[in-house]
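> Take the sequence shown: its letters are residues 1 to 593, numbered as in this note's numbering.
Hints in this document: simulated from the structure, not taken from any laboratory. Be aware that a few hints might be false.
With beta-carbon atoms standing in for the labels, derived distance ranges [said to hold, decoys possible]:
1. T464 with E121: 30 to 40 angstroms
2. N367 with P347: 26 to 36 angstroms
3. F513 with R314: 51 to 61 angstroms
4. A238 with Y530: 21 to 31 angstroms
5. L283 with D321: 54 to 64 angstroms
6. Y429 with L185: 18 to 28 angstroms
Positions of the beta carbon are idealized from the N, C-alpha and C atoms, including for glycine.
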Amino acid sequence: EDMEEDRPSWENPLQFLFACISYAVGLGNVWRFPYYCQMHGGGGFLIPYLIMLILEGMPLFYLELAVGQHTRKGSIAAWKSISPYLGGVGVASVVVSFLLCIYYNVIIAWAFWYFFHSFQEPLPWSDCPLNINRTGYLEECEKSSSTQYFWYRETLNITTSIEDSGGVQWEQTVCLILAWLVTYLCILRGTESTGKVVYVTATLPYLVLLIYLVRGVTLPGAINGLKYMFTPKLEELANPKTWINAATQIFFSLGLGFGSLIAFASYNPPNSNFEKHAIVISLINSGTSIFASIVTFSIYGFKATFNYENCIDRTILLLMDTFDLAEGSITAENLESWEIYLNSTFPGEYAAVSSQVKVCDLQSELNTAVEGPGLAFIVFTEAIKNMTGSQIWSVLYFAMLLMLGVGSMLGNTAAIITPLRDIKLLSQYVPKEVLTGLVCFVSCIIGLMFTTGSGNYWFTIFDTYAATLSLLLIVLVEIMAVCYIYGLRRFEKDVEAMIGHKPNWYWKIMWAFVSPVLIIGMFGFYISDYITKGAATYQAWEPSLGRLVMKKYPVSASVFIGILVVTAMSCIPIAAISTFIKSRFQKQEPSLK
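Please take these sequences and the hints and turn them into a complete structure.
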């Protein structure tokens, strides 16, 4: 009771709203959603995405906010109060959030690295570096591109396989320490400091996106990208992977299962209208994804058009020099006709240069799908370097990534620290500043593995395997616990006590039937996908080719993947069995005496 009275709270409802928006609207909205749109037929992906928002996203978001606000506890204590056998659900959420924090802050470190380099003139990824003799550009860079070379070789200094660690890169280490220092300062005083930081992290990205929108749609070729996005390929609706990816994007974008939403809601006053918040935040999150995609595809259209036109110009110049044609005789409009003519008239000469004549296709440029860090640190930087005033656009873009990353980290760390603060011994004897510092310090030390030459390969493992199955299981147990262990009728009364009315039929149908079925289907899909894929593979950088090549994970990495997948999930049954054994032992204790 004393802890309840002393529990901190948001200064006003707006702080809670901004905290949830800052947490939910993250890097996934900027680089994963556009990737799915590109992969699944542009506007056609919006249909399953919005359907999954209604069937899965909003109901589960509502449920977690309700649990947090009603119990006024972090994830572990909240689920224990519903049933003593469910403490493992909260522990699993803490474990997943901890794994996420370990590697997520590396993205902020990368953003810091690019942000600092954005003040150089010219941008360091604008051109390839010169070779040792300074007679030309480095062959590896020429085979790839200046932006790819800067990312893989200058930033990551990546090794050729996961088995070669390559040692710690001190520049990345400094950036990672800085990222954790910023995170610590933002969460140092709990809601007192976080509540003020979210005003910046929740609003600044929208300002940058708006500026980029104005610039993006005025770039040459932007219309090609926008047409690509909004022209639906309805045949993709028959592809089950489209629906799975739509459900997955909604699931992870809203941050379900991590315990962050429960932690944030636990600082609300008991009568706060979380139902309104759940609807508003879900819609803002999805609207941001669509808004960010419009910006991304306008930039993407500019990049694709720029590359296409450069390809045309190089081909025209090559043909004119080879066949000594008059300037202006070959244009972009008649290039194909000239190629047919020259091939038939001068087959020998044309065959000699045919290997240098690239097929220039705008659609192929637009079809090149890139997700994650590749979209942010390769595709966008390639577009930025070709803009007028590229330094300004680069600073703005990476400042936005920093705000999105920090905003998400506020929720990720709250999911760890809030449950720990609910433990009496820790809250009584360990000041929150010290506990917060310990969490950040331990996470930073473990995160140093991602600053090695092979760090990007380990980052990919964590990003792919650390959370997916665990979060699906966590949320499935959460929703089944509320509906069928705690009881939907009791839950209705709790909601009514908080917001003045019971949840309507839509929420109850989603919780009791639709959402659990969808989650079970997703869980089964990922299990079968892991099994049917066989040996796990990864993309490794090959310097001699200047590109990525596919390799199989070594046995040690495969074993680590298996451990990573089951680590959080195992917390749920282990805690339940432990509680059962403990309760049985306590019942037998009097008879033993």
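> With reference to the structure, classify each hint as holding or not holding.
Checked hints:
1. T464 with E121: 30 to 40 angstroms: Hint holds: Cβ distance 38 angstroms, inside 30 to 40 angstroms.
2. N367 with P347: 26 to 36 angstroms: At roughly 31 angstroms between Cβ atoms, P347 and N367 fall inside 26 to 36 angstroms, so the hint holds.
3. F513 with R314: 51 to 61 angstroms: holds, 59 angstroms
4. A238 with Y530: 21 to 31 angstroms: Check passed, 24 angstroms falls within 21 to 31 angstroms.
5. L283 with D321: 54 to 64 angstroms: Since L283 and D321 have Cβ atoms about 57 angstroms apart, the given range 54 to 64 angstroms holds.
6. Y429 with L185: 18 to 28 angstroms: holds, 24 angstroms
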